[in-house]
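The listed protein sequences correspond, in order, to chains P and U.
Quick note: the first sequence uses this note's numbering, first residue 535, plus one each step.
Quick note: the second sequence uses this note's numbering, first residue 10, plus one each step.
In short, the hints are calculated from the structure, not lab data.
There could be a bad hint or two in this list.
[Stated by the list, open to error] Dumping the calculated SDA-like pairs for lysine to any residue here, alpha-carbon to alpha-carbon at most 25 Å: (1) U:Lys211 / U:Pro150; (2) U:Lys283 / P:Ser586; (3) P:Lys604 / U:Arg287; (4) P:Lys546 / U:Cys110; (5) P:Lys550 / U:Asn258; (6) U:Lys285 / P:Met584; (7) U:Lys285 / U:Ser27; (8) P:Lys600 / U:Ser224; (9) U:Lys323 / U:Arg287; (10) P:Lys663 / U:Lys203; (11) P:Lys600 / P:Thr545; (12) U:Lys101 / P:Gly731; (13) P:Lys600 / U:Lys283; (14) U:Lys203 / U:Pro123; (15) U:Lys300 / P:Thr545; (16) U:Lys285 / P:Ser586; (17) P:Lys550 / U:Ile177; (18) P:Lys720 / U:Gly76; (19) P:Lys663 / P:Gln673; (20) U:Lys101 / U:Pro123; (21) U:Lys300 / P:Arg690; (22) P:Lys546 / U:Lys211; (23) P:Lys550 / U:Pro180; (24) U:Lys269 / U:Thr306.
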Amino acid sequence: MDLDILKQAVTKGRFKEIEQLTRQALEDGSTPRQILDQALVPAMEMVGAMFSAGDIFIPEMMVSAKVMQKSLDVLKPLMVGDITSNVGRFAIGTVKDDLHDIGKNIVISMMQGAGFEVIDLGIDCPPEKFIQAIKDGAQLLGMSAILTTVVENIRRTIEAIKESGLREQVKILAGGAAVNESLALKMGADAYCEDAGEAPPKAKSLLAQLG
Amino acid sequence: MREGFAQKNFERVAVAVSYQEPDQLPVFLNVNGPYIASYYNVSPYDYYHSPELMLKAQLAVRERFWGLTGVFPDMSIAPEPSAMGAEITWTKDGTPWVIPCIHSMEDVERLEIPDVANAGYMTKSLETYHYMYQQVGGDIPVSFGTTHSPWGVAALMRGTSDFMADVIMDPELVRALLRKTTDLGLMWLRNMEKSVPAGTFKRILIWDDLSSFVSLDHFREFILPVYEELYGAFPECERWYHNDANATNILEGLAEAGVKCFHLGDEVDMAFAKEKLRGRVALMGNVPPLKVLRNGTRQDVEASVKDIIKKAAKGGGLIIAPGGYMDEGTPDQNIEAMIEATARYGRY
Ligand code: B12
């Protein structure tokens with residue numbers, strides 16, 4: 535099967551067909567790796583670009599992300615042991631007291647689209663949730679802060695991670711309307727992203743530093 | 010620039026909303042919980058939960074800014090969802106949130122439109138109105154007529170991102186939920202109308218920060234009919250609207266909804282909005298509340314006001330205001346700078 539069909543199923547949000555199409559592609563000889571690299575990831579890159587350009591909106595974006603996930607559900611059991619199956623494990627949440635989650639959810643779509651395994655910690659996350667995520671194997675944390683009143687909670691969270699002795703194990707990305715580059719670094723994050731599109735490349739270069 | 014100024018200013022607002030050029034550009038200070046509580050140095054939680062404190066804090070802001078701000082029951086996002094039984098949580102800093110409670114069509118079917126006397130924060134809001142009216146009603150108009158849009162209420166009760174996906178994956182659920190939240194909105198507005206002195210229910214403000222996260226097509230399919238129903242039930246009322254997210258994509262839809270005054274955020278380019286809505290929808294905004302009003306200098310505020318005037322004053326239909334609600338901790342001097350710059354550079 536031409537993997538372009540699978541790619542289109544993702545960009546066009548064909549939720550009902552994706553499972554069957556994924557199985558078909560496997561039967562026709564594509565490996566899970568090929569499906570991921572040649573169909574799913576490039577499809578989500580396109581979706582991200584269309585979203586940034588204002589050609590599609592959040593519903594379309596969310597549905598494409600769900601379609602990709604459904605395809606991944608078929609592929610994942612076949613990829614066990616393949617350590618290169620994921621680019622990395624990324625956990626993201628909005629920091630304590632912030633409940634704006636639209637931005638965070640867009641970042642999730644973009645990161646999944648780029649092949650990351652994503653743990654969604656949800657909203658209003660106390661430091662313990664981020665710490666648990668590191669224990670669960672997250673190499674990269676994302677902290678979202680939309681309210682100016684919660685920016686300090688990025689620092690508090692990072693302090694708590696340091697105290698638990700896990701800071702060296704992770705890289706931390708901060709984002710959201712209340713943060714900017716200098717503020718993010720001041721709060722102790724490793725990098726800042728202006729928008730969700732910046733997240734995957736920044737995340738990859740941070741992971742490379744982690745070694 | 011005292012009491013007389015506010016009076017004159019509101020006359021100019023009316024002229025601007027009717028899309029004419031007043032002698033002088035009007036200004037509007039959109040304030041609510043986070044700013045008012047910070048101004049009065051109380052926790053937002055206490056502010057939201059004590060009608061007495063709410064009134065005192067609002068009066069203090071009103072006095073500080075020459076009568077330009079009003080008195081009104083202010084319960085943020087809590088009234089409508091809580092009326093339908095959704096649980097509200099309050100963060101440590103005292104802002105409310107709705108715990109999503111709609112997970113299936115059965116959950117939607119179970120929702121009931123309550124009696125207003127038994128409707129969570131909606132009831133509290135009504136009681137607060139009566140309290141405020143009793144305290145100051147003779148001297149100061151107490152505004153009542155603002156409702157969170159049925160679309161926004163539905164999104165919060167369902168969970169915003171799931172709701173957005175439902176638009177494509179489960180449109181039936183979206184419609185059914187909107188039916189309920191629209192009925193609730195109608196009930197709420199009718200009760201507001203009944204509560205205020207006869208003949209004074211003149212303006213409805215629908216606020217909806219979530220309406221522009223969908224395409225214009227989806228806006229027309231799901232949201233526009235809801236607005237038409239709400240506004241349409243009160244033909245005597247002027248249609249005001251607030252959305253401070255990036256609403257560039259739905260401007261045309263707002264004109265179709267018959268909106269007369271649109272309070273817009275700073276992510277929308279004023280020149281573009283003016284071009285699109287000229288002669289149809291008056292624009293209220295959009296000095297950046299965070300970057301400029303809260304975090305900028307007087308000079309930044311002045312530059313922003315001048316820029317807006319350049320882009321959108323010609324032909325009328327403009328009111329200078331923050332592009333969103335004033336943020337907590339906004340310095341007095343920057344608010345003054347906005348008022349002064351509007352007076353200085355806003356002569357027609
Ligand atoms: C939509 C919205 C809401 C919705 C939220 C729905 C939801 N489920 O999220 C509702 C109506 C419920 C709401 C409620 C409130 N809101 Co609000 N809201 C907004 C609004 C209009 C848009 C925010 C948004 O979603 N933008 C779209 C997304 C896509 O952008 P974004 O969040 O910036 O995310 C992007 C990037 O920043 C980045 N990103 C984000 N996080 C991260 C994280 C990482 C790791 C990375 C890499 C990148 C990244 O990627 C995203 C995509 O590019 C803004 C105003 C505005 N125009 O910004 C106000 C705004 C954020 N809200 C504000 C306020 C005050 C509130 C309330 C407190 C109001 C009240 N009176 O109760 C409440 C309480 C909220 C709480 N406790 O958290 C203020 C905050 C001011 C301040 N001082 O910080 C704003 C700025 C409005 C204003 N006055 O100017 N709000």
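Structure-based check of each hint:
no., hint, verdict
1, U:Lys211 / U:Pro150, "12 Å, holds"
2, U:Lys283 / P:Ser586, "24 Å, holds"
3, P:Lys604 / U:Arg287, "46 Å, violated"
4, P:Lys546 / U:Cys110, "29 Å, violated"
5, P:Lys550 / U:Asn258, "29 Å, violated"
6, U:Lys285 / P:Met584, "23 Å, holds"
7, U:Lys285 / U:Ser27, "17 Å, holds"
8, P:Lys600 / U:Ser224, "19 Å, holds"
9, U:Lys323 / U:Arg287, "10 Å, holds"
10, P:Lys663 / U:Lys203, "48 Å, violated"
11, P:Lys600 / P:Thr545, "11 Å, holds"
12, U:Lys101 / P:Gly731, "31 Å, violated"
13, P:Lys600 / U:Lys283, "38 Å, violated"
14, U:Lys203 / U:Pro123, "17 Å, holds"
15, U:Lys300 / P:Thr545, "35 Å, violated"
16, U:Lys285 / P:Ser586, "22 Å, holds"
17, P:Lys550 / U:Ile177, "12 Å, holds"
18, P:Lys720 / U:Gly76, "40 Å, violated"
19, P:Lys663 / P:Gln673, "14 Å, holds"
20, U:Lys101 / U:Pro123, "29 Å, violated"
21, U:Lys300 / P:Arg690, "24 Å, holds"
22, P:Lys546 / U:Lys211, "45 Å, violated"
23, P:Lys550 / U:Pro180, "15 Å, holds"
24, U:Lys269 / U:Thr306, "32 Å, violated"
Taken one by one, the earlier hints fail for this structure at numbers 3, 4, 5, 10, 12, 13, 15, 18, 20, 22, 24, listed in ascending order.
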